[in-house]
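From the two separate chains plus the hints, produce the assembled complex.
Here are the chains, one letter per residue:
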Amino acid sequence: MDWWLLSPEIIVATLALVLLILDFLLPAGVDRKKMGVFALIGLLAALLATLDIAGSKGQLFGGLLAVDNLSLFFKIIFILAAICVFLLAHDYLEKVPGHRGEFYWLTLTALLGMMITAASSELITIYIGIELMSLSFYPLVGCLKKNKASTEAALKYFILGSFAIAVWLYGAAILYGLTGTTDLAKIAAGLGKEAGPLMYFGLFLLLAGFGFKMGLVPFHMWVPDTYEGAPTPVTAYLAVGSKAAGFAVFLRLMFTAFPALYARWMVWLGILAVLTMTWGNIAALRQSNIKRLLAYSAIAHAGYTLIGVISFNATGAAAIMFYLFGYLFANLGAFAVVIAFANATGSEHIADYAGLRWRNPFLAFCLALCLLSLAGIPPLTGFFGKLYLFLGALERGGWLLTLVIIAAINSAISLFYYVNVIRTMYLLPPKDTGELKSSPLLNFTLVVTVAGVLLALFYFQPLIGALQANDLMSAAWLK
Amino acid sequence: MDVLYNLSFWLLAIITVGSALMVVTLKNLSRAVIFLVIFFLGVGGFYFLMQAKFLALIQVVIYAGAVAVIFAFVIMLTPGLPGTKIRQSLNQGVALIITGLFLGSMSLLIYKQLAGAGKAAGIEKSLSLKDLGQVLFTDYLLPFELVSFVLLVALVGAVLLTARERGEGNGGLE
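Residue numbers (numbering that gives the first Met the number 0), protein chains in the order written: chain A, 0 to 478; chain B, 0 to 173.
Just chain B, with the same shape it has in the complex (with noise of 0.2 angstroms):
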């Protein structure tokens, strides 16, 4: 079991890191947006692997679907941009130091957080839906009901940006 799970978590961890990096070095979007397909599973796997299903399953669903999805309608329905390669970052080397530092410092800090006397917090609560179902509707009513406000917010956002103004012609084709 514990050879089984290890085995796992590195076959995970190499294909999630694997991908992550392939996104964001590759020029070729349309690529990039399959490996980032392969880094949200991945990162599902990870869930799965920590006991929490729901939210792997979730994961599939909305972020290897439907993200993904409207990232490759995006790279489609722009004109000039399939096929075409972008240099991702102006200035890779920089940010190959920042992101550097950071997980250098992140990994010391949590190495040593492990090391010495202080543990993360235990879990309470498992992770079952009907419990994640019971704490939304229960003690996080209020931010459950303002995520709806977020969500009509980024709606009415949308139309503010892209609608077209009164009386300025129909969708462009004249």
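Isolated chain A (complex conformation) (with noise of 0.2 angstroms):
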């Protein structure tokens, strides 16, 4: 076993388990701020760690793990989201007194959660790793005690959270008594070409823990008053990383475990896709509050990446991880705005946005940057990615036309509520003129998520390339 392979989970797993022991050692007057700056080091390292091993393969642990593109383009998706969270926290931790240590350290296991489960091939690894990564979010997101929405927030979400993974724990025990085996490519394997009416309620169960984990309509009662009540760098990595890590295994387990079923679960997805979009959109379309604005938006991008699993080819998952990436700055950008603006204001209001343009022009123009690449308005990556889950669907062909253009007239929707937000920054005139001031640490953190975004044009086509030319899933059923 090359133990190297493993060094990006053993770089953050230690780094997390200092950043405790510190916490705990150190006297109650030192500024655990200082511990956010080591936290962003060690999570540098973890990053160049992961770029090193980058392309290469490899099973650790007999089969549990998977060292693969997949699981290596996401580890690099979550290191970027944990280190912008970081750097969104940083200020937003005045609000929370006290216990810092803890939030680092939260923010950390999360991060080694998602990345054993974006990297296990194996059920009970994958529900190890989703736990880990769930428990590390249930007190985050509940972290700000005094407050009444985030207490809510957390119970809310531990106790959906907990249901939707014992839903998913049946199934996984449906599919083991089957099958006999946890392993996902000895599932496909053992389940050969057709399966019993039971199987498909296995399979049934596990897409319903998933859809919770990827906020997918009917699973997504939690969303909205989740990301409302958490903090908002929590917020932001929820909606970035959680979903990414579901979307990670689930395409891992539909690509590996399933690919005999297909015909069946394309529909049952299929229909869950255009359910998603269209309800995200349109109960977008009602909203006041940008952080509920952004909760609805991210519902209706998991329908639109749910379209790169159900094209079921190398082009799919290729343009979901592309998506995700794409996702992951313009989101963050727009968090980190929300996080700016409320520090200054103590608003999350839309109607409050208003004039953002005359009263610090550089907030204004970054949000409205990464909410029309959210939009998919073409010279920035959120187009692209769009483009490349299309292009996905339209290989697959069949059906999956119409799936294309239900999302196609969902974007148009969206289109509605993002440049409703830009109107109000740019052409309604403030209620308060006075200056606003942001940060330099969040300054530069939204210098680096839209330099994400705007630069998308030089890194589509290589990054697409190496996606590509390194047969993704391995898999010979794929080509």
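Since the hints were made in silico from the structure, they are not lab data.
A portion of the hints provided could be inaccurate.
Claimed, not checked - Estimated spans, in silico, between C-beta atoms of each pair: (1) W3(A) <-> D1(B): 52 to 60 angstroms; (2) K145(A) <-> F101(B): 49 to 57 angstroms; (3) I85(B) <-> P217(A): 24 to 32 angstroms; (4) E394(A) <-> F53(B): 48 to 56 angstroms; (5) L107(B) <-> A262(A): 20 to 28 angstroms.
What the hints assert, rightly or not - Far from chain A by the CB rule (all over 12 angstroms, computed), these chain B residues: (6) L6; (7) F47; (8) G64.
The C-beta atom is built at its ideal place from N, Cα and C for all residues, glycine as well.
This is the structure in structure tokens:
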């Protein structure tokens, strides 16, 4: 076994443990923000380690963990998300008095859980990865103890999350009972060409559990409340990291274990995708709170991303990875502006964003760019992501064409509410004309994310090329 | 032997399902916890019937023992909770319909599966303590170690959510 392939996980786990011990040992007077700097350095090391092993392939622990392009790419997404969250949280944590060390620890363990989830190719490891991630998120969501919304969000997320994972486990137990193995590749082999009704039921339960993690309609009830109530850096982390982890493992499960049942599950997922896109966008139209708006937009985006799974080809898989990569930057940028605005004014209402152009042109410009990228306007990353998802679906053909048309109509609907925010910022007169300051660190984060959104033209081709050249799934049936 | 097996199976089934029903319908939480203990013991009995002796032992020690005691403590320590009547669900009718649908489709599917060609996969390994330890420390070493992380996360998360902030007074005694 090549331990070097495990280096990103080892670095993150060690970093988390060292921070936990440091938090315990350091006297109460020492500013815990220094731990954030330490964590950032460690995360950069983990990012470098991941980039170093990019392109390699391997099976660790007798096939429990897979090191391949899919898992490595998602690990890069997660680590980037964690870095941005640390940058965003630095100022925000002023509001969380006292126990900051735990915040860093939980963020890192959530990262570890995501990395394990994305890499695991066996049901028990998937379960433990998901639980590690979710259990880290529950307290993070509720860490504003004095805030009723935060506590409510955590409670809702916790109860619904536990229920969803219980349903998932039931499905996994049925799969194990029918095939006698928890290894995804062996499940595919044991499945053969046909499956009994019980197998479909098990698959359906697994789908419900993953649907909760990815925020698909009708398993989305927790998303708006949790996103709104959670501390904003945690919301950004949830929206990017937790969802990407769900998609990574879902992609692996469907592509590795259930290719034989494709004809059946593509219909289910198609219905889910249409419901998710449409409901997310229609509900987003009526939101007056920017975090709720972004929550519903996150639901809609989960619907688009699902098209990549339904396409069930290499293009679709690569498209999901690229799409989530662009989504990471656009979403984190949008949340960074929300944090900067809330730090200065304490408000999250879209109406209060009126005239932001005069109060802080930089923030207004960044938010506008990120929202346009989320809407999928041409030169930005979001456009290429969507284009690629649609290409994958068209390659598959059949009724997926209808799906692409529905997704395109939905993109047009989504333009309404994204542009409405931009109109508020640029055209409406401000109620309060005072200048709105944002901290240098937030500005730096914004520059990074906006660079990610803008430079898509330059990394679009190489990235997609690299994804395809290294046969992504390395499975014969994908060709 | 067969008669004895069947008899104990049905006895356990009645006890388990009956106590589970009591747990979700009783309005007095203290009584519900007592039935929860009986339910846990019934499930432990099933494990025993299936010759998973270690699992049965764990079920009794951890669930019927530790978990139920924690439930009891929480109920006792929450002011005004012991002895009060609380409706468990806002809408028991809907819950009943959903549960019924789930149960019905599940039973139907299992029946169909067993009637058809599809059978459950056989278990290759026995479930003795020795085998369990061997599997945990060889094949499943990584998940096993990760579980320790999960436990630590739960501990620290509980601290984050419940500990008082610095300078917030001592124990709320003021």
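Taking the hints in turn, this is what the structure says about them:
1. Checking the proposed 52 to 60 angstroms range against W3(A) and D1(B) shows it holds: the Cβ atoms sit about 57 angstroms from each other.
2. At roughly 39 angstroms, the beta-carbon separation of K145(A) and F101(B) lies outside the given 49 to 57 angstroms, and the hint is violated.
3. Between I85(B) and P217(A) the C-beta distance comes to about 28 angstroms, which sits within the given range of 24 to 32 angstroms.
4. For the hinted restraint 48 to 56 angstroms between E394(A) and F53(B), the CB-CB distance of approximately 51 angstroms keeps it satisfied.
5. A hinted range of 20 to 28 angstroms for the beta carbons of L107(B) and A262(A) is consistent with their spacing of about 23 angstroms.
6. Every C-beta of chain A lies more than 12 angstroms from that of L6(B), the closest at about 25 angstroms, which supports listing it as non-interface.
7. With a cut of 12 angstroms on Cβ distances, F47(B) stays outside the contact zone with chain A, its closest approach being about 19 angstroms.
8. Residue placement check: G64(B) keeps its beta carbon more than 12 angstroms from all beta carbons of chain A (closest about 21 angstroms).
Against the hints set out earlier in the document, a violation occurs for number 2 only.
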